[in-house]
Structure formats: C-alpha cells, structure tokens
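Since the structure of chain A is already known, use the hints to place chain B on it.
Protein chains: 2
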Amino acid sequence: MTFTIESPASAGSEPVRLMVCTTCRAAGADADAPRPGAQLLAALGEALAANTDAGVRVVVEPVECLSVCKRPCTVSITAPGRWTYVYGDVDAAAHAGPLIAFATQYVATADGLVPWRERPEFIRKGVVARIPPLGRAAP
Amino acid sequence: MTFTIESPASAGSEPVRLMVCTTCRAAGADADAPRPGAQLLAALGEALAANTDAGVRVVVEPVECLSVCKRPCTVSITAPGRWTYVYGDVDAAAHAGPLIAFATQYVATADGLVPWRERPEFIRKGVVARIPPLGRAAP
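Protein chains in written order, with this note's numbering: chain A, 35 to 173; chain B, 35 to 173.
No lab work stands behind these hints, which were simulated from the structure alone. Virtual Cβ for every residue (Gly too), placed ideally from N, Cα, C. Any given hint could turn out to be false.
To give a feel for the contact side, a few chain B residues facing chain A, derived at Cβ under 8 Å [as the list claims (entries may be wrong)]:
| no. | residue |
| --- | --- |
| 1 | Ser101 |
| 2 | Val102 |
| 3 | Val120 |
| 4 | Gln139 |
| 5 | Thr143 |
| 6 | Leu147 |
| 7 | Val148 |
| 8 | Val162 |
| 9 | Arg164 |
Looking at chain A on its own, in the form it has when it is part of the complex (with noise of 0.2 Å):
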C-alpha cells in the first residue's frame, strides 16, 4: 500500500519520503482494531490528494516496524542530502494534513532543518531521533 502524488510543477524533483509505521498497535488497543499506522496512512492519503499544489512530490510508504513502538502512529521523514527525523505520538485524525504540510516545509530547507520556531508543536514534542544526512562524505 504505497500513494504518492507529483504536482505538475515538481516532476523530476527529489521527493520527501515519508515512512509509516504499520506495526506497532496503540495500548489496550482491541487485537482487531485497526492499526493506527493504518489509519494514519489513509489520512495521509486523503490530505495528500487534497493538496495537489504542495509543490513537492510527497511519498508516502508503509514500512515494518521503525523500533519505536511504544508511541504510535510513529513516522519517519527523509530526503537527499537532508537530515532524517524520527517522530511519535502521531494522531492519524488530527496530524495527517499538518504531516502534509510540513514534509513541504522540511523539503524546502537545504539540510532538513526546518527552524524550531517553525515546527508544528506534534513535531516538536514528538521527535524521537534524527540521524546526519546519510550522503554526508564519510572520511
């Protein structure tokens, strides 16, 4: 279960990853219930085809388990040349568009560093690690 979407304006360009964790379950949650990064992922989708003009090609992928798993929905955002995050406590009904609309914001930067002040306060309160751009010249 993959979506993407690619405004006219940005084919071509490198797109923001974002990956979503489709393992972990909230606590005492039902064994049946839906996953929350099930949910999560169909928000995504939602938002992402109600945003056609973001400028940046958005790709969202499920991924198994990122380790996190006491804090659901965890995701995980990357792009070339950028510093990767790690984010917990994301609510699939109310961070899905707000996701959306900061991956822009973290793509627009050079490094991945999008001012602190800039955050969204889930994104601030949520992260859970960040890792050096992985392209970074090794000695």
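Positioned in the frame of chain A, the structure of chain B alone reads:
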C-alpha cells in the same frame, strides 16, 4: 574529532558509519564534566586500535545531537543498503569494544538485520528507532 580504521583486507570496502552524539549530558552531571559522547569517542578510538583485524572499515564520527537527549550515550549505525539504527544507554566504559564487534556483525549482513539472539544485550535493550535502507527505491 574523527577516528577511522581500515584493515588491509578491507581496503575499498564499504564503511560502517558509527555516529556518536557528543551533545547530550548525563542526568545531574557537573556542567564541566566531560560529556558521555566524548568519553565514548575516546573509548571507540582505543577499541578500533585494538581491533585492526576486523576485516571491515569502521568510521566513527561525532555528530551534534541525535535528538534522543535523555539516554546518553546515543549512537547511530548505518551502512549502504542497510537499515539504520539508533541506540541509547551506551556506556563508554563497558560498550566500546562490544559496539565495534556489533558493527562487524551488522555490516556482515545484507540488510543490517542482525538476528535478535545474536545481538548483544545492550543493543537489544538500547534500541531507540530504526529506519529502512534509504537507498531503497521509492516509487
């Protein structure tokens, strides 16, 4: 401050990158005390020097803030085509040698997924997050 080591047999092979957060402080530590990451870097330098026959190229590098903050030392391990991991609660005195050994296990796998039972206990317990191979083709 960067340490590298490359055994003759591994010249040209892909490096394992071991990034050490040098920003976080131990809880309650004196502001003038050496930071845990600086101690781990020094210990990794010694461990690398004692491990020249590892058969892999290990690049240890300091990074500014992996945004974990409450679980020093924090490290991240990555290599081309492999899952990237972030680990916390790494102890400079106890874990430098085992961490270099684990880096060797890690790069020996095709995808960075060392079987659970073969992972050292501090690696099992310390996982903060993992991220899929970033070179993986996006749709």
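Checklist entry - Which earlier hints can't be squared with this structure? => result 4, 5, 6 and 7
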